[in-house]
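> As given, the protein sequences belong to chains A and B, one line each in that order.
Just so you know, full-length UniProt numbering puts 1 at position 1 of the first sequence, and the rest follows in order with no gaps.
Just so you know, full-length UniProt numbering puts 1 at position 1 of the second sequence, and the rest follows in order with no gaps.
If you're looking for bench data, these hints aren't it; they were derived computationally from the structure.
None of these values were measured; they are calculated from a predicted model.
One or more of the hints may lead you astray.
[Unchecked claim] Here are the simulated DSS-like cross-link-like pairs (lysine-lysine), alpha carbons at most 25 Å apart as the crow flies: (1) B:Lys37 / B:Lys61; (2) A:Lys45 / A:Lys4; (3) B:Lys84 / A:Lys240; (4) B:Lys44 / A:Lys227; (5) A:Lys209 / B:Lys37; (6) A:Lys4 / B:Lys37; (7) B:Lys37 / A:Lys240; (8) B:Lys57 / A:Lys240; (9) A:Lys4 / A:Lys246; (10) B:Lys37 / A:Lys246; (11) A:Lys218 / B:Lys37; (12) B:Lys84 / B:Lys37; (13) B:Lys102 / B:Lys57; (14) A:Lys209 / B:Lys57; (15) B:Lys61 / B:Lys84; (16) B:Lys44 / B:Lys55; (17) A:Lys240 / A:Lys4.
[To be verified] Selected chain B positions facing chain A (in silico; Cβ < 10 Å): (18) Pro2; (19) Ile3; (20) Tyr5; (21) Gly14; (22) Leu17; (23) Val38; (24) Gln41; (25) Ser45; (26) Leu50; (27) Lys55; (28) His65; (29) Ile98; (30) Ser100.
[Claimed, not checked] Derived, one-sided and incomplete: chain B residues facing chain A with beta-carbon distance under 10 Å: (31) Ile13; (32) Phe42; (33) Thr49; (34) Trp74.
Think of the CB as a built atom: it goes at the ideal place given N, C-alpha and C, for glycine as much as any other residue.
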Amino acid sequence: MSNKIVPTVYRNVVDDVMVNIRSEFEEFGVGEHVLQDLQSRWEVKIMRSNVAEFERSATLPSVGQNQLMYPSAAPPLPGPPQSSRYAPPPLDVPPPLAGPPPSLYQRGHTNGAGLNLSLPSHYGMDDNTPVKSETRIPQLDGPSASSRDSSVSSEGSPSPPTKPVPLPSLKVESATHVDDEAVIGSDLDDSDDEDNLAGGADDPVGGAKDIVFCTYDKVQRVKNKWKCVLKDGMVHLHGKDYLFSKCTGEFEW
Amino acid sequence: MPIFYEFYRESSIGAALTDSLDELITNGSITPQLAMKVLLQFDKSIAETLAKQVKNKTTVKGHLHNYRLCEDVWTFDVHNAAFKMDGNEVVTAPKVRIVSCKNTESTESK
């Protein structure tokens with residue numbers, strides 16, 4: 001079982017996926033930049049997970065590209081999640097992310113100013129209408145909501161941590177206002193619940209759950225002695241990842 | 001075409017990919033259908049890479065607190081598990097769950 005090989009193996013997995021998925025992206029008409037975006041997001045998350053000693057990879061410059069691309073999309077940041085709820089805007093969303101966009105966007109592409117002019121107006125409409133209509137609802141819950149409402153409408157989405165707690169009813173409708181990390185966090189909580197449901201009380205372990213994913217060749221039992229031969233394992237222990245090709249397990253029940 | 005298990009998606013690297021795909025779906029860059037293709041490719045890549053590039057052998061001992069076999073998937077909840085590392089170093093965990101799918105390698109032509 002080794003932690004040292006994790007960076008190499010993960011690097012190769014990422015590369016293998018990227019090489020083999022390229023044709024699918026082309027088939028779907030999704031540009032190369034999105035593929036690079038996916039790769040850089042994936043790599044950053046792997047590195048941040050801190051499951052092994054990762055070197056900063058050579059592909060990281062593509063993160064820089066993203067940062068270069070985002071500023072045009074940054075001002076209307078509250079928009080992206082919402083835009084998926086409205087049919088027309090998604091057509092307009094790719095251009096800010098896209099360096100070399102498909103022919104659809106040629107008009108905007110040839111003239112950068114055109115993009116900047118048209119987008120904010122879309123986002124402005126999307127932002128204002130739903131924010132106002134949705135924040136009106138929680139006002140009915142209590143007087144304290146009025147102060148909160150003003151902060152919400154003035155700031156837009158950037159104040160997620162306080163909102164979900166006092167306004168659970170709002171959360172479902174306007175989950176788009178909560179930033180991605182908060183949403184992801186709640187998903188993780190859910191999966192923990194499922195685990196408890198399946199196997200008994202594991203919660204004392206806390207946030208870091210030690211788990212092994214592997215295949216088995218055979219599982220044998222003699223009285224209370226269990227013996228199993230496990231293969232191709234990914235072990236997550238104390239926040240670190242380990243890999244094994246073969247593992248012999250001996251347990252007493 | 002051999003079938004590859006999806007359960008490695010729950011590993012660190014799989015979760016990192018799934019989260020990234022979620023973000024790209026949310027911001028409209030890709031469709032869920034394309035994300036599914038990526039995940040299917042991940043299932044294949046991770047299985048092949050583990051099989052080909054990892055050679056390390058290890059042992060684990062512990063108290064089997066709970067076990068289950070359902071649809072060819074074994075789940076073991078092991079208490080006081082002790083994993084033997086590369087240099088005979090032992091790493092212990094108070095509670096570890098082992099999720100194990102049937103190894104299909106022997107039946108595959110590979």
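> Decide, hint by hint, whether the structure agrees.
Results of checking the hints against the structure:
At roughly 38 Å between alpha-carbon atoms, Lys37 (chain B) and Lys61 (chain B) are farther apart than 25 Å, so this suggested pair is violated. Straight-line distance between C-alpha atoms of Lys45 (chain A) and Lys4 (chain A) comes to about 18 Å, which keeps the hinted pair within the 25 Å bound. For the hint linking Lys84 (chain B) to Lys240 (chain A), the alpha-carbon distance of about 15 Å falls within 25 Å, and the restraint holds. Restraint check for Lys44 (chain B) and Lys227 (chain A): the C-alpha separation of about 28 Å exceeds 25 Å, so the hint is violated.
Of the supplied pair hints, the one linking Lys209 (chain A) and Lys37 (chain B) is violated, its CA atoms being roughly 28 Å apart against a limit of 25 Å. A C-alpha spacing of about 30 Å is found between Lys4 (chain A) and Lys37 (chain B), which places the hinted pair above 25 Å, so the restraint is violated. Distance restraint check for Lys37 (chain B) and Lys240 (chain A): the Cα-Cα separation of roughly 28 Å exceeds the 25 Å cut-off, and the hinted pair is therefore not satisfied. Pair hint Lys57 (chain B) plus Lys240 (chain A) holds up; C-alpha atoms about 18 Å apart against a cutoff of 25 Å.
Only pairs whose Cα atoms come within 25 Å are accepted, and Lys4 (chain A) paired with Lys246 (chain A) is accepted, the gap being roughly 16 Å. A hinted pair counts as satisfied when its Cα atoms are at most 25 Å apart, and Lys37 (chain B) with Lys246 (chain A) does not qualify at roughly 29 Å. For a cut-off of 25 Å, the pair hint linking Lys218 (chain A) to Lys37 (chain B) is broken: about 31 Å separates their Cα positions. With a C-alpha separation of about 36 Å, the suggested pairing of Lys84 (chain B) with Lys37 (chain B) is violated against the 25 Å cut-off.
Taking the CA atoms of Lys102 (chain B) and Lys57 (chain B), the gap is about 18 Å. The hint holds against a cut of 25 Å. Between the alpha carbons of Lys209 (chain A) and Lys57 (chain B) the distance comes to roughly 23 Å, so the proposed pair stays at or under 25 Å and holds. In summary, the hint linking Lys61 (chain B) to Lys84 (chain B) is supported, as the alpha carbons are separated by about 9 Å, within the 25 Å threshold. Distance hint between Lys44 (chain B) and Lys55 (chain B) is fulfilled; the C-alpha atoms sit about 18 Å from each other, no more than 25 Å.
Taking the CA atoms of Lys240 (chain A) and Lys4 (chain A), the gap is near 11 Å; set against the 25 Å cutoff, the hint holds. Below 10 Å, beta-carbon pairs count as interface contacts, and Pro2 (chain B) has none with chain A, the closest being about 13 Å; its hint is therefore violated. The interface hint given for Ile3 (chain B) is violated, since its Cβ lies 12 Å from the closest Cβ of chain A, which is over the 10 Å cut-off. Because the beta carbon of Tyr5 (chain B) sits about 7 Å from the nearest beta carbon in chain A, less than 10 Å, this interface hint is met.
A hinted interface residue such as Gly14 (chain B) counts as satisfied when its beta carbon comes closer than 10 Å to some beta carbon of chain A; here the least separation is about 9 Å, so the hint holds. With a least beta-carbon distance of about 5 Å to chain A, the hint placing Leu17 (chain B) at the interface is held under the 10 Å criterion. For Val38 (chain B), the shortest C-beta to C-beta distance to chain A is roughly 5 Å, which falls under 10 Å, so the interface hint holds. Using the Cβ-Cβ criterion of 10 Å, the hint placing Gln41 (chain B) at the interface with chain A is satisfied: the shortest such distance is roughly 5 Å.
A cut of 10 Å between beta carbons decides the hint on Ser45 (chain B): the least distance to chain A is about 4 Å, and the hint holds. At a threshold of 10 Å, the smallest CB-CB gap from Leu50 (chain B) to chain A is about 4 Å, leaving the interface hint in force. Look at Lys55 (chain B): its Cβ gets to within about 5 Å of chain A, closer than 10 Å, so that hint holds up. About 8 Å separates the beta-carbon of His65 (chain B) from the nearest beta-carbon of chain A, less than 10 Å, and the hint is met.
With a least beta-carbon distance of about 4 Å to chain A, the hint placing Ile98 (chain B) at the interface is held under the 10 Å criterion. For Ser100 (chain B), the interface hint holds, the least distance from its beta-carbon to any beta-carbon of chain A being 4 Å, beneath 10 Å. A least Cβ separation of about 5 Å between Ile13 (chain B) and chain A falls short of the 10 Å threshold, and the interface hint therefore holds. At a threshold of 10 Å, the smallest CB-CB gap from Phe42 (chain B) to chain A is about 5 Å, leaving the interface hint in force.
Given hint, Thr49 (chain B) at the interface with chain A, holds; its Cβ is 5 Å from that chain's nearest Cβ, closer than 10 Å. Restraint check, Trp74 (chain B) versus chain A: the minimum CB separation of about 6 Å is within 10 Å; hint holds.
In summary, the numbered hints that this structure violates are 1, 4, 5, 6, 7, 10, 11, 12, 18, 19.
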